[in-house]
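Number of protein chains: 2
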Amino acid sequence: MGKEVERAKIAVMKANENNKVVMVSSGDPGVYGMAGIVLEIAAQEKTGIPIEILPGITAASAASALLGAPLISDFAVISLSDLLTPLEKIEKRLELASQADMSIVLYNPKSQDRIEPLTRAYEIMMKYINPDTPIGIVRQAGREGQTAKITTLKNLLNEEIDMVTTIVIGNSATKTVNEKMITARGYNITN
Amino acid sequence: MGKEVERAKIAVMKANENNKVVMVSSGDPGVYGMAGIVLEIAAQEKTGIPIEILPGITAASAASALLGAPLISDFAVISLSDLLTPLEKIEKRLELASQADMSIVLYNPKSQDRIEPLTRAYEIMMKYINPDTPIGIVRQAGREGQTAKITTLKNLLNEEIDMVTTIVIGNSATKTVNEKMITARGYNITN
Chain A
0 MGKEVERAKI AVMKANENNK VVMVSSGDPG VYGMAGIVLE IAAQEKTGIP IEILPGITAA
60 SAASALLGAP LISDFAVISL SDLLTPLEKI EKRLELASQA DMSIVLYNPK SQDRIEPLTR
120 AYEIMMKYIN PDTPIGIVRQ AGREGQTAKI TTLKNLLNEE IDMVTTIVIG NSATKTVNEK
180 MITARGYNIT N
Chain B
0 MGKEVERAKI AVMKANENNK VVMVSSGDPG VYGMAGIVLE IAAQEKTGIP IEILPGITAA
60 SAASALLGAP LISDFAVISL SDLLTPLEKI EKRLELASQA DMSIVLYNPK SQDRIEPLTR
120 AYEIMMKYIN PDTPIGIVRQ AGREGQTAKI TTLKNLLNEE IDMVTTIVIG NSATKTVNEK
180 MITARGYNIT N
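So the sequence lines, in the order shown, correspond to chains A and B. For the first sequence, numbering that gives the first Met the number 0 assigns the number 0 to the initial residue and increments by one for each residue that follows. For the second sequence, numbering that gives the first Met the number 0 assigns the number 0 to the initial residue and increments by one for each residue that follows.
Just so you know, these hints were derived from the structure itself, not from any lab. It should be emphasised that the depicted structure is a prediction, and the values quoted were computed from it without experimental measurement. Hints should not be assumed to be uniformly reliable.
When chains are identical, the list treats them as one kind, so a pair holds in a single copy or across two.
In silico EDC-like cross-links for lysine to aspartate or glutamate, where the CA-CA straight-line distance does not exceed 20 Å [to be verified]:
(1) K174 - E51
(2) K2 - D112
(3) K174 - E44
(4) K148 - E51
(5) K45 - E178
(6) K88 - E115
(7) K148 - D131
(8) K153 - D100
(9) K153 - D131
(10) K148 - E159
Kindly produce the complete structure, drawing on both the sequences and the hints.
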């Protein structure tokens, strides 16, 4: 984590020395990306440098496009990384989001040393969400070697999941049709 | 609403007649966009046409970039349009999201004939969220004439809001610094 803070400090320092600086951040810099820490450091250093943030395509959108249209209605985005957020807070958000019948996107679901949050997320979601709800497991969304697989919530822990995996859990209106995850929005489509 | 269904039906029909068809949808087609209805119609018509979805930058990301970094941590995306989703369901999602201390993004907050959902959303959020929490009001995000304003939750109903407005409500870690909305992620940035 120290690396992000250090990168942001160097960028702000260089900009403060009258350089044009670009900080590159994958996905959308505003979603678990570098935009926040750069603004925080700039505020702390009381520099008056102008900072422009260019939005990007976040993993929720990239993964969703590969899976079909699982996020066509309301959804929650939750990171399972407990490095900066206490696990109890993550669990509370999962409890509430699961009861809201919103689709849920899980970022940073698991790393080699961090397995517990995903197990807890599974247990919490299984309390409130139908175990047969379609879920999508996407790796490297939008990058070379991207993969997408659709299964159901009850099988979540049997899947290969790591830090570059994005998990999309459907809501009660999500179906799998022609190998696509589709969350029905409620249109009347009969002829 | 009929127009979306009709557009999707025409697109699927044309594709089924061996044409290459592109359906254009603003923002991310997978977030309240045309991806869902096109997949639904294609499934209903039992066509085997291949459909590729290209993700885009959704209003949450575009608005967030103008405001600062309000969505750097977990957040919920909720549409206040009750045309396809019953108001009780929207209210329940707002109740739960407000208690989760996640940032919240409101899409389609209000139209000329639809004012009640925004009033209800305000009442619900004021029950659980500190009234001094920073919020951002963004119009035409990413388009010509875009505007962004930061105020606090308690002032929400005094703002000019319409269908092309996106509203971003911070969480308990969101501050306004140098006219930017920043949600602290928890980094230790002291020297």
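Consistency of the hints with the structure:
For the identical chains of this complex, K174 and E51 are inter-copy neighbours only, at 18 Å across copies versus 40 Å inside a copy, given an alpha-carbon limit of 20 Å. In the homo-oligomer, the alpha carbons of K2 and D112 lie at most 20 Å apart inside one protomer (19 Å), although the nearest pairing across protomers, at 50 Å, exceeds that limit. In this homomeric assembly, K174 and E44 come within 20 Å of each other (Cα to Cα) only across copies, at 16 Å, whereas the closest approach inside a single copy is 50 Å. For the identical chains of this complex, K148 and E51 are inter-copy neighbours only, at 16 Å across copies versus 36 Å inside a copy, given an alpha-carbon limit of 20 Å.
Within a single copy, K45 and E178 get their C-alpha atoms only as close as 52 Å, which misses the 20 Å cut-off; across copies the closest is 13 Å, which meets it. Within a single copy, K88 and E115 get their C-alpha atoms as close as 14 Å, which meets the 20 Å cut-off; across copies the closest is 32 Å, which misses it. When the C-alpha separation of K148 and D131 is checked against a cutoff of 20 Å, the pair qualifies only within one copy, where the shortest distance is 15 Å, while the shortest distance between copies is 43 Å. Taking the shortest Cα distances, K153 and D100 sit within 20 Å of each other inside one copy (17 Å), while across copies they are farther apart (27 Å).
In this assembly of identical chains, K153 and D131 lie within 20 Å of each other by CA distance solely inside one copy; the values are 6 Å within and 41 Å between copies. In this homomeric assembly, K148 and E159 come within 20 Å of each other (Cα to Cα) only inside a single copy, at 10 Å, whereas the closest approach across copies is 43 Å.
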